[in-house]
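Undergrad: Could you build the full structure based on these sequences and the hints that come with them?
This is what each chain is made of:
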Amino acid sequence: MTQVLAPQPAPETRTGHDTVPMTRLIRAELRWIFRRPRTLIVLAMLAVIPVVIGVGLTLVDTNAGSGSGGGPDDGGGALLATAVNNGFVLPIAALVMTLTLLLPLAAAMAGADAIAGETAHGTLRGWLLTPVSRGRLLAVKSFGVATVALVTVLSMAVTGVITGLIINGTDSLFTISGTTLSLWDALGRILIAVAWVTLQLWAVGAVALAISACTEHPMLVVVSVLAGNIVFQILGYLDAVSWLHPFLLNQNWTSALTEVLQDPMASVQLGEGALRAACYIAIALSLAYARLTTRDG
Amino acid sequence: MTSTAIRGVDVSSEASTPSVPLAARTRGLRKVYRGTVAVDQVDLDVPEGAVLGMLGPNGSGKTTTIRMLLGLVRPTAGEVELLGHRMPDGAGHALPDVGALVEGPGFHPFLSGRDNLFRMAAAEPRLASAGISGAVEAALERVGLSGAAHRRYKGYSLGMKQRLGLASALLVPRRMVVLDEPTNGLDPAGTREIRKIIGELHADGVTVLVSSHLLAEVEATCTHVAVLHEGSVVAQGELAELLESGSPALLVSTPDGSEAVEALREQRITSKLTPEGVRVDLAATSPPDVLAILVRADVRLYEATRARTGLEDLFARLTEHEPSTMDGSEGAS
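Just so you know, the sequences run in chain order A and B. Residues 1 to 297, numbered by the numbering used here, are exactly what the first sequence covers, in order. Residues 1001 to 1333, numbered by the numbering used here, are exactly what the second sequence covers, in order.
These are calculated hints, taken from the structure and not from any lab test. Computed from a prediction, not measured in an experiment: that's the story for all the values here. Hints are not guaranteed to be accurate.
[What the hints assert, rightly or not] According to the in silico footprint, chain B covers these stretches of chain A (three or more CB under 8 angstroms from chain B):
1) 28-42
2) 124-130
3) 152-159
Just so it is clear, CB atoms sit at the ideal spot from N, CA and C, and this is done for glycine as well.
TA: Printed below as a string of structure tokens:
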């Protein structure tokens, strides 16, 4: 009876604190995120995409040109054509193409799992009971989603750059204005693109978190974000609602990223897009906070 | 002649004084979910150091009350105090000393039991980072899960999941432990172990709140009982006192059962034939009178004992026969 009594750890392992250090929570959260098979699979699949694009472009090397792209505003197809024999455009073209659907999907999934998924498993309650205050919980969750977005984009850029350099060599770093970049210039610009895409994904992730705080069905979060993404794209095509366009998160995503490829680099749409994303993040996280602090656990 | 084996539970006498400090208390607690009254007018007292069994049929408001007690749910009306802190606003100060297993264990299926506990321990304010690993192993050991700790939670049986939930409630020494249906899905051995752990906690002076619909479980482990029915507390107090408060009865052992019942009915005394003998309601009479009547009616008597009111009888009386004693319960039909 007594041998199982009390896990009495040494006194210094005990604290009188009512809160744990934020870093400890974040570390636990990241460990959880990056051990989740789903996260790893999505990460790996997205990281493979630039490789696939690079290899595909090499195989069909000869035909560069029209046919590959879709809709009227779809710069992806045109960019792909540019990416042939171009180690600089390849990683950014890969980001542009995945930004329309797959990257927002990854961010939505991370946001969905963060709150709704945890609620569904009954695991959120565990942390609320230890207790982790709801404000800190949102901070930890946001940090986790942001990290997933950053790691995803970064790993795509890395595989994209490596693929581009292997296939085309370091003397293949051309801008779409026709100039040639040094390796470090090219890497710098790719980093800018990575940062900008990550910021856009943070906006998507923040929206996903806000929806996530309102439901306990992670699937609903993913579906809502994807549906919103598509509706925004459609609205973006409609001139009748042009007054709405400045408020659409994914407005000019492709053309903004194309600015990185120009020489000298433009920044009008990049700046506008960054500002828009920042507004989305602020609003969405406020809504998520309001919902999370008032909801029953 | 009449045995007095009513006190089945040994209760320390000082616990019955009303001035005993309370680990948790609620006043006028009410929760309405979309027009449905889940809990109404709940005044619950959990004395410090007590093992309080919260009894009630399914849907009687046990879990809702517990969730409000722990600050997970904001009450529609009324107040909650947990370890001296108003809830839910004082959750940050009260909850570090409270271990809880509410609404079944919640863990991540793809992590092992141990890793799940590590994740919980990381959020435990009373644990210094250096103590996490030791506390996790000790908690696993305590609930008998050390052998399966490396396996994924996904593959756990219901009982193992329940044990892991208990382990996370016991990660740090607590002042209070709240267990919502802790023996759900456990085999008899597991149930015994839970009882043993509750007993150990009690011996350490920890206040324990156990909700259950298993009467035997409560009767065996608790010092106090609160009975919930249709969202209100219909009875609460020390287990022994509550059991005594039940209508007294005399159990008469006789081969002439039906004659005995007949003779008593002529004297307007209620009784019924049970497998153990004739059970006579003593509400309006006394044992000597009953025996005198039976003897006069030539009923052969072997033995007469005071029947102990089991928790089951009490519970049945409180939750079945009497309609709820609360008022203003428009939603709880």
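Undergrad: Against each hint, give a clear statement of whether it holds in the structure.
TA: Tested hints:
no.: 1; hint: 28-42; verdict: holds (count 6)
no.: 2; hint: 124-130; verdict: holds (count 7)
no.: 3; hint: 152-159; verdict: violated (count 0)
Comparing the model with each earlier hint shows a violation of hint 3 alone; every other hint is respected.
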